[in-house]
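K.L.:
Chain by chain, the residues run as shown.
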Amino acid sequence: MTNTYQLISSNIQKSTSWQQKYREIMLLGKTLPPLADILKTDDALVPGCESKVWMFVEFDLTENALVVIGDSDTRIVKGLLALILALYNGLTPEEVLAVNAYDEFEKLGLISHLSASRGNGVKAMVETIQTMAKQKAL
Amino acid sequence: MTNTYQLISSNIQKSTSWQQKYREIMLLGKTLPPLADILKTDDALVPGCESKVWMFVEFDLTENALVVIGDSDTRIVKGLLALILALYNGLTPEEVLAVNAYDEFEKLGLISHLSASRGNGVKAMVETIQTMAKQKAL
Amino acid sequence: MSSFDPKKIRNDFPTLNQTINGYPLVYLDSAATTQKPQCVIDATTQFYTSQNANVHRGRHTLSEQATTAYENVRTLVADYFKVTSNEIVWTKGATEAINLVAHGLRNTLTAADTILISPIEHHANIVPWQELAAQSGATLKTLPLNADATFDIAQCCEVIKRTKPALLAITHASNTLGNITDLAPLIASAKAVGALTLVDGAQGALHLRPDLKKLDCDFYVFSAHKMVGPTGLGGLYGRYTTLNALSPYQTGGEMIEKVTLTHSTYRNAPAKFEAGTPNIAGVLGFGAALEYLMKLDLQTLQQYEQQLFIYAASTLSKIDGISIYSNLKSNIGTLCFNYKNEHPYDLSTLLDNYGIAVRSGHHCTQPLMSHLNLNGSLRASFAFYNTTKDVDQFIAALKECIALLD
Amino acid sequence: MSSFDPKKIRNDFPTLNQTINGYPLVYLDSAATTQKPQCVIDATTQFYTSQNANVHRGRHTLSEQATTAYENVRTLVADYFKVTSNEIVWTKGATEAINLVAHGLRNTLTAADTILISPIEHHANIVPWQELAAQSGATLKTLPLNADATFDIAQCCEVIKRTKPALLAITHASNTLGNITDLAPLIASAKAVGALTLVDGAQGALHLRPDLKKLDCDFYVFSAHKMVGPTGLGGLYGRYTTLNALSPYQTGGEMIEKVTLTHSTYRNAPAKFEAGTPNIAGVLGFGAALEYLMKLDLQTLQQYEQQLFIYAASTLSKIDGISIYSNLKSNIGTLCFNYKNEHPYDLSTLLDNYGIAVRSGHHCTQPLMSHLNLNGSLRASFAFYNTTKDVDQFIAALKECIALLD
Ligand SMILES: Cc1ncc(COP(=O)(O)O)c(C=O)c1O
Ligand SMILES: Cc1ncc(COP(=O)(O)O)c(C=O)c1O
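Protein chains in written order, with the numbering used here: chain A, 1 to 138; chain B, 139 to 276; chain C, 277 to 682; chain D, 683 to 1088.
Just so you know, these hints were derived from the structure itself, not from any lab.
Keep in mind that a hint or two might mislead.
Only some residues are given here: those of chain B computed to face chain D with a beta carbon under 10 angstroms [said to hold, decoys possible]:
{"#": "1", "residue": "TRP156"}
{"#": "2", "residue": "ARG161"}
{"#": "3", "residue": "GLU188"}
{"#": "4", "residue": "SER189"}
{"#": "5", "residue": "TRP192"}
Heads up, simulated DSSO-like pairs for lysine-lysine below, C-alpha to C-alpha not over 30 angstroms straight-line [stated by the list, open to error]:
{"#": "6", "chain 1": "B", "residue 1": "LYS272", "chain 2": "C", "residue 2": "LYS489"}
{"#": "7", "chain 1": "D", "residue 1": "LYS1071", "chain 2": "D", "residue 2": "LYS1081"}
{"#": "8", "chain 1": "D", "residue 1": "LYS940", "chain 2": "C", "residue 2": "LYS616"}
{"#": "9", "chain 1": "B", "residue 1": "LYS159", "chain 2": "D", "residue 2": "LYS1000"}
{"#": "10", "chain 1": "A", "residue 1": "LYS52", "chain 2": "C", "residue 2": "LYS616"}
{"#": "11", "chain 1": "B", "residue 1": "LYS159", "chain 2": "D", "residue 2": "LYS1071"}
{"#": "12", "chain 1": "C", "residue 1": "LYS675", "chain 2": "C", "residue 2": "LYS283"}
{"#": "13", "chain 1": "C", "residue 1": "LYS594", "chain 2": "A", "residue 2": "LYS21"}
{"#": "14", "chain 1": "C", "residue 1": "LYS534", "chain 2": "D", "residue 2": "LYS940"}
{"#": "15", "chain 1": "D", "residue 1": "LYS1022", "chain 2": "B", "residue 2": "LYS261"}
{"#": "16", "chain 1": "D", "residue 1": "LYS1000", "chain 2": "D", "residue 2": "LYS1022"}
{"#": "17", "chain 1": "B", "residue 1": "LYS168", "chain 2": "D", "residue 2": "LYS1081"}
{"#": "18", "chain 1": "C", "residue 1": "LYS284", "chain 2": "C", "residue 2": "LYS665"}
{"#": "19", "chain 1": "B", "residue 1": "LYS178", "chain 2": "D", "residue 2": "LYS873"}
{"#": "20", "chain 1": "C", "residue 1": "LYS675", "chain 2": "A", "residue 2": "LYS21"}
{"#": "21", "chain 1": "C", "residue 1": "LYS534", "chain 2": "B", "residue 2": "LYS261"}
{"#": "22", "chain 1": "C", "residue 1": "LYS605", "chain 2": "C", "residue 2": "LYS594"}
{"#": "23", "chain 1": "D", "residue 1": "LYS940", "chain 2": "C", "residue 2": "LYS440"}
{"#": "24", "chain 1": "A", "residue 1": "LYS52", "chain 2": "D", "residue 2": "LYS940"}
{"#": "25", "chain 1": "D", "residue 1": "LYS977", "chain 2": "D", "residue 2": "LYS1000"}
{"#": "26", "chain 1": "A", "residue 1": "LYS52", "chain 2": "C", "residue 2": "LYS675"}
{"#": "27", "chain 1": "B", "residue 1": "LYS190", "chain 2": "D", "residue 2": "LYS1081"}
{"#": "28", "chain 1": "C", "residue 1": "LYS675", "chain 2": "B", "residue 2": "LYS178"}
{"#": "29", "chain 1": "A", "residue 1": "LYS14", "chain 2": "C", "residue 2": "LYS675"}
{"#": "30", "chain 1": "C", "residue 1": "LYS571", "chain 2": "C", "residue 2": "LYS489"}
{"#": "31", "chain 1": "D", "residue 1": "LYS940", "chain 2": "D", "residue 2": "LYS977"}
{"#": "32", "chain 1": "C", "residue 1": "LYS358", "chain 2": "B", "residue 2": "LYS272"}
{"#": "33", "chain 1": "D", "residue 1": "LYS1022", "chain 2": "B", "residue 2": "LYS168"}
{"#": "34", "chain 1": "C", "residue 1": "LYS534", "chain 2": "A", "residue 2": "LYS21"}
{"#": "35", "chain 1": "D", "residue 1": "LYS843", "chain 2": "D", "residue 2": "LYS1011"}
The structure displayed is predicted, hence computed values, not measured ones.
Positions of the beta carbon are idealized from the N, C-alpha and C atoms, including for glycine.
Next up, chain A with everything else stripped away, as it sits in the complex:
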């Protein structure tokens, strides 16, 4: 887990109301640099989501580190994506496998956003990251 994530996570956990928590998440989304329009291709789109979610998950081979970028046209999903990025970006495959996004979302009281039915792309991103890490860690 990155230091950025630790900071963000403790910030969210300090929220005294769900309103404040969502405000934090949406602010977090605003800090996420928008994807260049040229990258917002249909191929990068997570299918079947109500919100539009574009994502790229790669491993930087020279650094042996995960590179995730993503964007969304909704504020809440974008904030959640930023959370995922903070959680995983720059980690090695082994480190990725050691981090359970479900546990983290549970701690933050956001687990419902990772449920299958939400279809908001966040779960898809987590699963893509985990699958890729498993392959690379072999």
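Based on these hints, arrange chains B, C and D with the ligands on the given structure of chain A.
P.N.:
Same frame as chain A, now just chains B, C and D with the ligands:
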């Protein structure tokens, strides 16, 4: 209602057990003359019944009286047909309309045999008789 | 609000009496599925507890009782719609009912024929006709639509007259907007050119309780779960001779008269279209739902729903930045709206945290969304068990959500 | 009888605890539909009382909870059959599941192809293939059958090898006779000639609880109501790539990816085959049914059912004049029989007066009846909630009925 029917009906009502009642009904079926094979045509067959039921319902125009004949390959349905015959045969259209087979079957504790789901042909016979009587009574 | 007592009504619906995320539930998603009164739940329990048996052809008492009860509900539906019971076919929902008709016309339509639909239809009343067109070679066309997604009825009638479709398939009310279609002139025009008419009553059946003989359409489809009844059940009304003329849809037990290994003959409608063991518990539950609804006077009910809708629409429209897409003049009680350029996903997620159940998205009406130039919208859909208190809580929560976003 | 406690089991099934016509109910019609344990009834009530919402795409809490619960049951079915959850499609029953496959193959089969079925099939596994043959031009053929309606498996394999069918559709167990089909060699032979295989599991799914990966068929269909679950629900297992390759069946909401007025694109299986609002309450009830069944050890259960069946068969066969048509050596627990030349209608009617629920008729297997030269038969079908006391009451009543007739 015919005298024959009165007799039959009081006989059945005197049954002290359902077993005896069914015995009476099956005996009644045995008294019903079997239809000649030549009359057992597909046209005369009531469709959709588990038991085979053949029936003919006509009005004798000179006598202004109902003529019903029928047969079945089961004992119980045949007995019930005999009951219907005794109930309606020889009546004028007006008399037919005054006789409610449902009430009679209710009195005899046989009403379930006239339920739609039985699909045993007895209900179909009663309805054909009533429809025809209505037309003739006009 | 008139003789109708919403408090008493609410007590009949156990689901409404709960808190969601610490707030009392405000259920504004009845267009997706309605809540169920206790009597419906009880009827289902009662069936499984003491009556459970398969229907038709069973000789034993349980089976006979189940069959009688099951067929009685067919009569009840027929009463509700003022038609006869052999014109009612059970399906698993409105979607299946439309598919049944579309499939049943495959051997009737040819490349010379046109199928006419409207651009506001639910996907369930679009895609089956695309399939039928693809299979039969027929052409699929759409009625014209005003910019605000209402119909210019005179113009539509003109198009029907000109197009001479083999079939007009149109919704009784829009599931996204709530707009009620002025069906009478459209059906009359369709009949004048010899077209069959199918009305998608998924939304209309509850709120408008139509007299189908008066409406004079050939087919009308509905879903029990949108009529305070159980899930997994719906139906098709079909004018008897037209219905019976359709090719069979599913094949199997109960719908056949005689089967040999080389050939089968089918029974007449409705049996012809009801292959396999039906949703018996669903039908009995729906019977209770219909009895419940028929005890409510239609006029009083509609008056109540209209008053509630007008109240909701007027308070909603007072919020700065809200755009409402619904036709407020002729509506079953559904508000389709957005706030400024905010994504409906964000608003519905935040509203949920206040216990407000609304829906966001395209509502299975993508062509309508394209027409309105929207990616999606929020939808608050009301039913007779909602109250002005629901409206007030919804509006208050919406204002707070907006404050969170601004 | 082993560690299995039938008394405790019976208490789970409220329907069994009632009198019919003054006699305690003896329910021997489980092949038509099984009774439901209390937990299934409770799950349904629970859903309608507190959870009721539509599934998928809903943002609000109720909808999300309903969706999660609904999808969990898909996983549960997959566990029951040892397959993966995206290989399970919800349908309204086994009949619809067979129709779905038959329909999905319309564009695949040609006049050069053969569909192979057996003469013992339920009409649901005959008529859809007749339709598919009629539509595609394919030829429908049947496996050979011994005089007693059992299969000569070696001979059947020979026929499969020779016929090279595109599809073999066959039942796991006969609903009329209870005979279990020795599927392994048939499926192996079919695979060897590149045939697809569909197994009608309407009767087998409960009593045989197959491991479908081991069985290695391409499709397997089942009905929830015959597996102590709710009515109006069934399912199709399909090997994923084969399943996904089928043409869509019904079209409408949820099964599409994108709709324009001119064109639609479909999602992947299972969504592709699930148009419209599903039977949500039915699925949740079925979840409870599967949990109930999976708590029962399969071996113990089958042992109990077999002992009961052997007891019933041996007492029944001791009655003079009884002809039994079932294969007693490999049977799920169904006795098909007649008494002398008596019409089964008479006997089932009289038995009903003793509270005994058996079925009479052709049991939707007219070709099998022709093969056996019968107009109909009586059928007593057992399940694990029946007891030797049921058997004794049934036999005693049957003797009395015979006395009444003789
Ligand atoms: C062997 C067999 N196949 C198919 C079916 C059809 O099942 P359902 O009526 O539940 O669709 C049955 C049920 O009677 C059956 O026993
Ligand atoms: C207008 C309309 N048509 C058809 C349908 C499909 O109904 P079901 O999903 O119950 O089959 C719906 C339900 O969303 C609807 O609102």
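K.L.:
Each hint should be assessed against the structure and marked as holding or not.
P.N.:
How the hints compare with the structure:
1. TRP156: Holds. Min distance 5 angstroms.
2. ARG161: Cβ of ARG161 of chain B sits 6 angstroms from chain D, so the hint holds.
3. GLU188: Holds: closest Cβ of chain D sits about 5 angstroms from GLU188 of chain B, inside 10 angstroms.
4. SER189: holds (5 angstroms)
5. TRP192: Violated, because the Cβ-Cβ distance from TRP192 of chain B to chain D comes to roughly 15 angstroms (cut-off 10 angstroms).
6. B:LYS272 / C:LYS489: holds (26 angstroms)
7. D:LYS1071 / D:LYS1081: holds (15 angstroms)
8. D:LYS940 / C:LYS616: Measuring from Cα to Cα gives roughly 25 angstroms; hence the hint holds.
9. B:LYS159 / D:LYS1000: holds (28 angstroms)
10. A:LYS52 / C:LYS616: holds (18 angstroms)
11. B:LYS159 / D:LYS1071: With a Cα-Cα distance of about 27 angstroms, the restraint between LYS159 of chain B and LYS1071 of chain D holds, given a limit of 30 angstroms.
12. C:LYS675 / C:LYS283: holds (26 angstroms)
13. C:LYS594 / A:LYS21: Holds. LYS594 of chain C to LYS21 of chain A sits at ~28 angstroms (cutoff 30 angstroms).
14. C:LYS534 / D:LYS940: Roughly 42 angstroms separates the two Cα atoms, so the pair is violated.
15. D:LYS1022 / B:LYS261: Holds - the C-alpha atoms of LYS261 of chain B and LYS1022 of chain D are around 28 angstroms apart, at most 30 angstroms.
16. D:LYS1000 / D:LYS1022: Since the Cα atoms of LYS1000 of chain D and LYS1022 of chain D sit roughly 14 angstroms apart, the hinted pair holds (cutoff 30 angstroms).
17. B:LYS168 / D:LYS1081: Measuring from Cα to Cα gives roughly 22 angstroms; hence the hint holds.
18. C:LYS284 / C:LYS665: Between LYS284 of chain C and LYS665 of chain C the Cα gap is close to 14 angstroms, so the pair holds against 30 angstroms.
19. B:LYS178 / D:LYS873: Distance ~49 angstroms between LYS178 of chain B and LYS873 of chain D Cα, so the pair is violated.
20. C:LYS675 / A:LYS21: Roughly 18 angstroms between the alpha carbons, so the hint for LYS675 of chain C and LYS21 of chain A holds.
21. C:LYS534 / B:LYS261: holds (22 angstroms)
22. C:LYS605 / C:LYS594: Holds - the C-alpha atoms of LYS594 of chain C and LYS605 of chain C are around 17 angstroms apart, at most 30 angstroms.
23. D:LYS940 / C:LYS440: Distance of about 29 angstroms is within 30 angstroms: holds.
24. A:LYS52 / D:LYS940: Between LYS52 of chain A and LYS940 of chain D the Cα gap is close to 14 angstroms, so the pair holds against 30 angstroms.
25. D:LYS977 / D:LYS1000: Roughly 36 angstroms separates the two Cα atoms, so the pair is violated.
26. A:LYS52 / C:LYS675: holds (25 angstroms)
27. B:LYS190 / D:LYS1081: With Cα atoms ~25 angstroms apart, LYS190 of chain B and LYS1081 of chain D stay inside 30 angstroms; holds.
28. C:LYS675 / B:LYS178: violated (79 angstroms)
29. A:LYS14 / C:LYS675: Status holds; Cα separation ~25 angstroms.
30. C:LYS571 / C:LYS489: Since the Cα atoms of LYS571 of chain C and LYS489 of chain C sit roughly 21 angstroms apart, the hinted pair holds (cutoff 30 angstroms).
31. D:LYS940 / D:LYS977: violated (42 angstroms)
32. C:LYS358 / B:LYS272: holds (24 angstroms)
33. D:LYS1022 / B:LYS168: Roughly 18 angstroms between the alpha carbons, so the hint for LYS1022 of chain D and LYS168 of chain B holds.
34. C:LYS534 / A:LYS21: Violated. LYS534 of chain C to LYS21 of chain A sits at ~66 angstroms, over the 30 angstroms cutoff.
35. D:LYS843 / D:LYS1011: holds (27 angstroms)
In summary, the structure is inconsistent with hints 5, 14, 19, 25, 28, 31, 34 from the numbered list given earlier, while agreeing with the others.
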